[in-house]
Amino acid sequence: MADKKFELLDKPMATVFDWSEDNTPLRDALWNHYMDESNKNTLSTLDHLKQFEKMDNSQAKSEAEKVLHV
1 MADKKFELLD KPMATVFDWS EDNTPLRDAL WNHYMDESNK NTLSTLDHLK
51 QFEKMDNSQA KSEAEKVLHV
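Note that the UniProt record's numbering has the sequence shown beginning at 1, numbered continuously upward.
To be clear, the hints were calculated from the coordinates, so they are not data collected in a lab.
All of these numbers come straight from a predicted model, not from anything done at the bench.
Each hint should be verified, as a subset may be incorrect.
Using 30 Å as the maximum straight-line C-alpha spacing, the simulated DSS-like pairs for lysine-lysine come out as follows [claimed, not checked]:
1. 61 x 50
2. 11 x 54
3. 66 x 40
With the hints as extra help, turn the sequences into a complete structure.
And the structure:
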């Protein structure tokens, strides 16, 4: 059974955000964003994603929107 705490991160971006038509899971979109931002530094990317796992859903959605909504 999936952990409800991380359920938001596994939803498609189009489901999480009304401005997105992308069906990529939010977790993968964040991964791709931070990998690009860190010049493919996996450890740096993991550090960013671990922060999202400490947030509640509304905070994670808000923070994700800040970096993904261009």
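Quiz item: Between residue 66 and residue 40, does the CA-CA distance stay at or below 30 Å?
Solution: Measuring from Cα to Cα gives roughly 20 Å; hence the hint holds.
Practice problem: Take the C-alpha atoms of residue 11 and residue 54, compute the straight-line distance between them, and say whether it is at most 30 Å. | Solution: holds, 17 Å
Quiz prompt | Given pair status - residue 50, residue 61, alpha carbons within 30 Å | solution = holds, 14 Å
The structure meets every hint from the earlier list without exception.
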